[in-house]
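A.B. asks: Start from chain A and add chain B according to the hints.
Sequences listed follow chains A and B, in order. Using this note's numbering, the first residue of the first sequence is number 38, and each one after it goes up by one. Using this note's numbering, the first residue of the second sequence is number 44, and each one after it goes up by one.
Careful, some of the hints might be misleading.
Stated by the list, open to error - Derived BS3-like pairs (lysine-lysine); straight-line CA-CA distance at most 27 Å:
#, chain 1, residue 1, chain 2, residue 2
1, A, K145, B, K114
2, A, K142, A, K106
3, B, K52, A, K142
4, B, K100, A, K142
5, A, K63, B, K52
Stated by the list, open to error - Using C-beta positions, here's what the derived DEER-type ranges look like:
#, chain 1, residue 1, chain 2, residue 2, range
6, A, E92, B, G142, 41 to 51 Å
7, B, T58, A, A115, 31 to 41 Å
8, B, Q60, A, R97, 27 to 37 Å
9, B, S123, A, R97, 40 to 50 Å
Since the hints were derived computationally from the structure, they do not count as laboratory data. C-beta atoms are modelled at their ideal positions from N, C-alpha and C, and glycine is treated no differently.
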Amino acid sequence: SQQGEEDPQALSIQEGENATMNCSYKTSINNLQWYRQNSGRGLVHLILIRSNEREKHSGRLRVTLDTSKKSSSLLITASRAADTASYFCATASSGAGSYQLTFGKGTKLSVIP
Amino acid sequence: NAGVTQTPKFQVLKTGQSMTLQCAQDMNHNSMYWYRQDPGMGLRLIYYSASEGTTDKGEVPNGYNVSRLNKREFSLRLESAAPSQTSVYFCASSDPGSGLYGQYFGPGTRLTVT
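Chain B with its partners taken away, still in its complex shape:
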């Protein structure tokens, strides 16, 4: 099992450019999440998908959109990147409905917006 995979690993964007971060999990989890981590900070939730077909805003959703493509895949889109979105982005999955509350994280995408 690969667990949670994310692409790309690194990305540099210019202000105003758009991009999509991809995430996939092979653990048959129902719930998936996108977080950002800034230096010296914990993780902050951007969006989550409790189950296939649903998405909800987290703590810091402004400037982002998400798509739960199917049970395995959950993508994060930056429509018009800003320097404030320079961060490390983590995708995670879990299955709270089955009592599996612990989240499994991907390796992260380091995004720099210039």
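Next comes chain A alone, as it looks inside the complex:
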């Protein structure tokens, strides 16, 4: 079953603009991760935020987590054409379940030069 659900399903922006993607999930988590997938390629891990963290930064990426609302957002600032890809959130449950990630269906981001 899908745990994370991304919103929007597709997003088209101009180069230089910021892109925001949202993820909602249903059950308690140990951590939440964001991945990028370029067309026809494997997924690349971008950033992980633990359940006791509220915000995390990595370069042009900013992730927030609201466990009370069971939601997360990924912000990409000053987007580039190379950011064009699908972005997936994935949740890891606590304990033994932390080995298993449950992925959402993804947001397809298009950055127009």
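C.D. replies: Okay, now just chain B, sitting in the frame of chain A:
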């Protein structure tokens, strides 16, 4: 480091044929995973191996078997392929026991069953 490698990259099977997808990682990770990705869908976990010598079912294990050959290698076998198994298959590895929860993915195997 090659990271996670998968073979083959592409495969076409007829219904009822069998095949094994191979995966290897050179990052000394303890945990390995097999996922499938269907159009418009996220990844769904088929099987995983938390450590060498153990394997567990994921969300969609029916029709598949796995073998954790050693710490580096984790194979996925389709005993009798069905058209519903047409998909892109990804192998991944991580090391949660060391606090490395992010997963590293291979390039995928595109499988078509006719």
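A.B. asks: Against this structure, judge whether each hint is valid.
C.D. replies: Structure-based check of all given hints:
Simply put, A:K145 and B:K114 have alpha-carbon atoms about 35 Å apart, too far for the 27 Å limit, and the pair is violated. Among the hinted pairs, A:K142 with A:K106 is consistent with the structure: their alpha-carbon atoms are about 19 Å apart, no more than 27 Å. Note on B:K52 and A:K142: the hinted pairing holds, with a Cα-Cα distance of about 23 Å set against a maximum of 27 Å. The straight-line distance between the Cα atoms of B:K100 and A:K142 is roughly 21 Å, inside the 27 Å bound, and the hint therefore holds.
The straight-line distance between the Cα atoms of A:K63 and B:K52 is roughly 35 Å, outside the 27 Å bound, and the hint therefore fails. Checking the proposed 41 to 51 Å range against A:E92 and B:G142 shows it is violated: the Cβ atoms sit about 20 Å from each other. Here the CB-CB span from B:T58 to A:A115 is close to 50 Å, at odds with the stated 31 to 41 Å. About 46 Å separates the C-beta atoms of B:Q60 and A:R97, a value inconsistent with the hinted range of 27 to 37 Å.
The hinted window of 40 to 50 Å between B:S123 and A:R97 holds, with their beta carbons roughly 47 Å apart.
Checked against the numbered hints above, the structure violates hints 1, 5, 6, 7 and 8; every other hint is satisfied.
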